[in-house]
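Peer 1: Sequence:
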Amino acid sequence: MAFNAPHAPLQPLREDYEKYEELYEKGWDEIHAARIARQKSMALFDHNVDVPSRPEHIPAWKDLSAAQRNFEVRRGAAYAALVDRLDQEIGRIVEDIEQAGELDNTIILFLSDNGACPYERPSKGRELFPYDRASNWNDSTGWAWARNAPFRMYKQNQYEGGSSTPAVVHWPAGLKTKAGSTVSTPVHIIDILPTIAEVTQTDIPSAWPKRDLTNVSGESFASLLAGGPFSRENPIFLHFQTDRGLRDGDWKIVNLQGGPWELYNIKQDRAEQTNLADKYPERVKSMEKQWTSMGTDTAHLMSRLVKPLPKGNNDAAPIHWEWSDYQSDPSTTISEASAKRENPKRK
831 MAFNAPHAPL QPLREDYEKY EELYEKGWDE IHAARIARQK SMALFDHNVD VPSRPEHIPA
891 WKDLSAAQRN FEVRRGAAYA ALVDRLDQEI GRIVEDIEQA GELDNTIILF LSDNGACPYE
951 RPSKGRELFP YDRASNWNDS TGWAWARNAP FRMYKQNQYE GGSSTPAVVH WPAGLKTKAG
1011 STVSTPVHII DILPTIAEVT QTDIPSAWPK RDLTNVSGES FASLLAGGPF SRENPIFLHF
1071 QTDRGLRDGD WKIVNLQGGP WELYNIKQDR AEQTNLADKY PERVKSMEKQ WTSMGTDTAH
1131 LMSRLVKPLP KGNNDAAPIH WEWSDYQSDP STTISEASAK RENPKRK
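Just remember that this note's numbering sits 830 ahead of the position in the sequence shown, which is counted from 1.
No wet-lab data here; the hints were simulated from the structure. Be careful, since some hints might not be right.
[Claimed, not checked] Quick list of in silico lysine-lysine cross-link-like pairs, DSS-like style, CA-CA up to 25 Å:
| hint | residue 1 | residue 2 |
| --- | --- | --- |
| 1 | LYS1141 | LYS1119 |
| 2 | LYS985 | LYS1097 |
| 3 | LYS870 | LYS1008 |
| 4 | LYS1115 | LYS1137 |
| 5 | LYS1137 | LYS985 |
[Stated by the list, open to error] Label-pair ranges, simulated between beta-carbon atoms:
| hint | residue 1 | residue 2 | range |
| --- | --- | --- | --- |
| 6 | MET872 | ALA1056 | 16 to 26 Å |
| 7 | LYS954 | ARG844 | 12 to 22 Å |
| 8 | LYS1119 | ARG922 | 46 to 56 Å |
Fair warning: this is a prediction, and the values are worked out from it, not measured in the lab. We treat Cβ as the ideally placed atom computed from N, Cα and C, and that holds for glycine.
From just these sequences and the hints, can you work out the full model?
Peer 2: Pasting the structure below:
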């Protein structure tokens, strides 16, 4: 089932929104810190993560104007209300399966499609409640940073903040891992089809009438469900417009907004804080070759999307014309200021 929410426009039901009206008055600094603390207490990661500091393009919560804080509190509550409703509707599905006596023998896989959305497109009816049909609110970069803790960057970027999302599997009759355990072996959404085919003993057709089928790119991770190891034959390929990435075992190359390749050891540096590209140039070169080959032959990208990236380092602070502009004139709303920014695509 593909739920559209939580996603802009942020239009929750009133009964859900009112549960969270005061929760986000703490602000994103405190909430980000609380989420990091809870992750540590849960031992969510294999070892302590070197958490990046709040990025320059997001101000401290205390430095926002009163009007900005007021809207951000309400916008945070609206988003939380959408997550609450998602939980409720998934609960209805699970209850129905359980009543049918099929819960133990049903594979439930829950995941999101990407990291948090930072794009501040114009929000209409800021003075209204989000459940008012005349309102139409969009996302906030500040809350996207808090939601992506402890990772860097956002949706559409190929750092962990835009490409690494959690998944939950429930299958009492077949899952052999310890209940409540966390597995850090990376898999990709393209792996779901071959995995389901294997565990249900179903053949994926190699031919179909009036269709030219291509090979399935994913790899079955049924061995993980059985409590064993899983080793990929091919790296995980990542791409969105000018943002690229490739995950091969513990190593990952990634770039930002058309900039040069960066290299990280994800096992040791989960939040991608230490760029090792200068230290291991041959590894970057080899992985870049892999990315280009997969982009051309598997993803079938246009030639302009696989052209070589610039060399060197990109030390400039990242910015995007649709990220929230918290430094605008107080008489201008956040969303209006962002809408007035120059769109580089229009050049």
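Peer 1: Give a verdict on every hint.
Peer 2: Right, here's what the structure says about each hint:
1. Note on LYS1141 and LYS1119: the hinted pairing holds, with a Cα-Cα distance of about 14 Å set against a maximum of 25 Å.
2. About 22 Å separates the Cα atoms of LYS985 and LYS1097, which keeps this hinted pair within 25 Å; it holds.
3. Note on LYS870 and LYS1008: the hinted pairing holds, with a Cα-Cα distance of about 20 Å set against a maximum of 25 Å.
4. Distance check on the hinted pair: LYS1115 and LYS1137 sit about 14 Å apart at the alpha-carbon level, within 25 Å; holds.
5. Distance check on the hinted pair: LYS1137 and LYS985 sit about 22 Å apart at the alpha-carbon level, within 25 Å; holds.
6. In this structure the hint that MET872 and ALA1056 lie 16 to 26 Å apart at CB holds, the actual value being about 24 Å.
7. At roughly 18 Å, the beta-carbon separation of LYS954 and ARG844 lies within the given 12 to 22 Å, and the hint holds.
8. Distance hint for LYS1119 and ARG922: a CB-CB separation of about 49 Å, consistent with the stated range 46 to 56 Å.
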